[in-house]
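The task is to assemble the complex, starting from two chains supplied on their own in separate frames and drawing on the hints.
Residue strings, one per chain:
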Amino acid sequence: MNFVEDLNIKGHLTISKRDKQGEEEVVFDDHNIIVSGMGVGLSYLFTASGSDTVTDYQIDRVQIGVGGPPAQVTAGINELLDSLATVDEYGTGSNLNIEEREQIVGGVLSDPRPFALIPASKWSRVGDSSVRYTIVIDEEACNDLTRLGSAAALNEIGLFMKNPTGYQDARPILVAYRTFSDIVKTSDFSLIFRWTINW
Amino acid sequence: MRGEVSIWKNGEEVYREANLLCDGAGILIADLMTVSPSLSLVEDHATSSILDASNYTIQAISFGTGEEAFQSNAHAMTEDKQAQLTIAYAKFGDGDFSTSSVPAIVDLASGGSMEGSSFIPHVGLPDAPSPIPTVLQTGNTAPSETINKVDVSSVFPGNGQLTNFLPSSILSATMSGTLLSDPEDAYYAASLLGAFPEGAPNLSEVILRENGSNIVEVSPVSGYFNTASSMDVSGFVNMVMSSVPSDTYSMSSTTEGLCLSAAPTFAEDGIVEYSVTLAAGDVQFANAYGGIFHLGLWTIDREASIRKGNTPPYSFSVLNNPREYRLFARKGITKSLSYISDDGASAGNTNYSDLTIKWRIHFV
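Sequence lines, in order, name chains C and G.
659 is the number that this note's numbering gives to position 53 of the first sequence; each next residue is one higher, with no gaps.
372 is the number that this note's numbering gives to position 331 of the second sequence; each next residue is one higher, with no gaps.
Bound-form chain G, shown alone (with noise of 0.2 Å):
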C-alpha cells in the first residue's frame, strides 16, 4: 500500500510526489478487523453503527505549517496591527460583510519578508517526515498573543494545522462562553487564528502591513472551503461523497470539499483517488497564516469519538464537529503549496491561482 500526491495549477501538474503512510493507517486497519460482529445484534442503531464501513475510510483531509510560523505572519500581533484592527473591527460592527470581514493582517516586524511584491512567510523549519505523529505539525502550534489579559492559546490551543476561525458565524459561535466572548476580542482572536477565508459573497482580505504603511493592495476575496462550508473549525476538510462516482451517482465538484474516485478497474489495480481544490484565496490567505507545508488525510479516529461522547453516525459539522480525527497519510512539502513570486508586472501577493490535490493511495 503506498500514495503519492500531485498538485495542479491552471490545469498543468506542477508537482508529484510519493506520500508517507502513517503508523494510524495500520491501527485503522487493525481496528477494522478485530471490531466485534455481534455488535450487530445490538438493536441500539448508534451501537449497530459502529460497523457502518464509512467510519474506516478517510473523511477528511487538512493543511499545515512549520511550528514558527503560528508565533509569525498574520499569527502575531504588533501596535500596529492592533490598530489595523480596530479600525477593521469598527466596519465589522457596522455588520457589513459585503466588503470586507475579519482581516489576515501581516506587520512585517513580526516576521515573513518580501520578495519584491510578493509575502514569503516565516516559517522556520517544519517537522521531518516521520509516521509516528498523530497531527501534522508537533510543538505550540498556536498563537502566543495576549488579547485582553487573555492569552489565546490558552483558549484555543494549537492543533498542528491551519484552522477556520476567520468567517463571522464560526467567530461568533466558537469564542462565545469563552474568556474572548467580547466581540472586540472575539475579533482580534479570529483574526491572530487565521486561516481561510470568507465564503462567497462574502470578502476577506489580506493586508501586508511594514513601518505603519500598507505595502501591497490585495483585492478582498473569498474561498472555497467556506463557501461550500466544507472546512470545520478545526481545519478539516470534509469528504463529499458517500463512495466513486458511478452511473448513478456523479462526481461532486472538488471545490465542494474532499472527493472520491477511482477508475472502473479499481479491484484490478486498487488505484483510488481523494481531491479536493483550494481556491486562490485559499491559498492567498493560507500564505498569511504560514503557507502550507504539510498536507494530511485523516479518518475517523472512533474510539476517541465515542471517549468524547459522540456516537456514530458521525455527521459532519463546521461548527461542533463530533468526529475526532486520526492521520491516515502525510506529505511535507519543502517548498510551500503558496509559495507566490512576482510575474513581470504582476505582483505575487495579487496572482494566486487555484490549486488542485490529486492524492492517490494505490492498495494492490
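The shape of chain C in the complex, shown without the other chains (with noise of 0.2 Å):
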C-alpha cells in the first residue's frame, strides 16, 4: 500500500487466449476501473444495513458485454454499455453457471439480468490484500453474438458485489469495470480473464 491517506483501491486484468491444443495467448494487460458500486456496497457492510452475512459482500460474479468502450470511463460507471442480455448468449453447452438477478444500477433496480457466477474456487489469496479471480469462458461460450444483424465482439467485463442489500433474491451491484479490444468469440478457442483486485 502506498503511504498516502487513503486507501487506494486497485485492480489488474489481463485476458489470455487459449486455443483447443493449450496454447496461450496474452492478449491484454493493463488495469481496471475501480468503481463507486464498491465504496457503496463497502458501506453497507460498515452500517451494518444491508446484509448480514458476509458472502453477500463478496465479488462472485461478472457481466461480459459487447457495447464498450463507454464515451467516458468513470468510477461512476454502474453497468456494462451492452452486457450480454440473455442465458443464450452467454452459451447453453457451456460451464458457465449463468444467474437472472435484477441489478442495483445508480440506486434503482434493472430488469433480471444474466450474471456469469465465478466460483469460489476461482478466487485466490495472492497476497495479504489481493485477491485473484479467475474467469474461464469456455470454447462453447459466447460464441457467435450478433447485434442489429451483425456480428459483436466481446470488448467489455464488469465484475459485481453478490447482494449488498441483504434481498432475498441477490441483488449484485458492479464494483469493477474494464473495457478491451474486441474479440470476436469462437468455438476455437477460450478465453481466461485473470482480473486482481489489490485493497
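Since no wrong hints were added, every one of them can be taken at face value.
Covered stretches of chain C, as calculated for chain G (at least 3 residues, CB under 8 Å): (1) 645-651; (2) 659-673; (3) 731-745.
The set of hints was computed from the structure by calculation and includes no laboratory data.
Please read these numbers as outputs of a predicted model, since none were measured by experiment.
C-beta: ideal position from N, C-alpha, C; glycine also.
In C-alpha cells, the structure reads:
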C-alpha cells in the first residue's frame, strides 16, 4: 500500500486466449476501473444496514458485454453498456453457471439480467490484501454473438458484488469494470480473464 | 476510501484532519472476499458464525501515546510515589471505594513537567504515521518497574496503547494467579499500568507530586468508559451499536462506547461515522499516563481470535475479551488530545472537559 491517507483500491486485468492445443496468448494486460459500487457495497457492510452475511459482500459474478468502450470510462459507471442479454448468449453448452437477477443500477433496480457466477474455487488470495478472480469463458461460451444483424465482439467486462442490500434474491452491484479490444469469440478458443483486485 | 477525524469540546469542533488507513483495512477486505461460502452449510453454529458480517466491521477504538511515556509520568515508580501508594492502599484496604480507589500518582522526578498548574507528560517522540504497524505505538510500551522483585512488564507486556487496570474489579481479576497477585503488589501494579478512572459512582484521583509534596489539589473523578463498562482491560472501547440508527433503532449515547451513525443517504455518499466521548476524568487520567497522541479504529482479527481458541460469535468482555483486534485506521496527533493549560484563575488540572471524537470513513 502507498503511504497515503486513503486506501487506494486498484485492480489489474489480463486476458488470455487459449486454443484447443492448450497454447495461451495474452491479448490484454492493463489496470481496471474500480467503480463507485465498491464503496456503496462496503458502506452497506460497515453501517450494518445491508446483509448480515458476509458472503453477500463477496465478488462472485461477472457480466460480459459487447457495447464498450463507453464515451467516458469513469468511476461513476454502474452497468455495462451492452451486457449479454440472455442465458443463450452466454452459451447453453458452456460450463458457465448463469443466474438471472435484478441489478442495482444507480440506486434503482434493473429488470433481471444474466450473470456468470465465479466459483469460490476461482478466488485466490495472492497477497495479504490482493485477491485474483479467474473467469474462464470456455470454447462453447459467448459464440456467434450478433447485434443489429452483424457479428458482435466482446469488449467489456464487469465484476459484481453479490447482494450488499441483503434482499432475499441477490441484487448484485457493479464494483469493477474494464473495456478491451474487440474479441470475436468462436468455438476455436477459450478466454481466460485473470482479474486481481488489491485493497 | 478515506477517513477524517474531528474532535469536539464543549460543543465546538477544535480539530479536524485526515486519518491514515492501515494495511489492516486492505487485509480485512481481502479476508471477507475470500472466506469460504461453504461454511454456511456447516451445522455447527460457531463455524457458520464465521460468516456473520459483524466479524468484518469496525468494532473498537483505542488511544495511545509515545513509547517514552510508558516509562515516565504515572507509569514510573519513585520512593515518594511508593510511599504515597502505601498510604492510598491502606485506605483501599478498608474497602472505601466511595471516595478514592487506585490513584494515578505522578512524581515529577520521574518525568513530565508543569506549565503553571497544568501537567505536561513526558512522551518523547511518538511513532510517525505509517500504514504498516499493527499497534498504535511500537517499542516497549509497558512500565518497566519492579514490584516485589517482579518486573511489571514481564507479567503485563505492553500492547502499544493506554490500558485499563485501575478499576478495583479489573485489577483484582487480572492480577489473580500472576506473580503480582498479592493484593498490595496488585494495587501498585495497577497504578503503574493505568490508565482510566473508576466508573461512577466510584471515584479515582490523580495526585501530582514534586519534592515530596502535592502540587495541585485535584478532586477525584470518574470516567465514562468504566461507568459503561465499555473498555476492556487492554484499552479497547467497544462498539455499542449493531447498526446505524433507524426509525426503530435509536442512537446510543456516545458516553456508553463507540457509536455508529450515517445519514439516510449513506448508499450515495458512502459516509459512515464512528463517535465516542471521553469524560473529563478519562482525559485527565490519560494525561497523567502520557497523553493521547494516537487514535486507532479496530476490526476483529478473526483468524487470530480463532487461533487463540475463541470461536464466533465474539461477545465483548471487559475482563476476558475473546476478540483479537486488527488495526483498520489510525490517527497520529502532534499535540496531545489531553493537553491542558491554565485558564486565568483556573488551574489546568482542575479544568478538563469531555471530548467527543467523530471519525468519518468515506467509502465512495
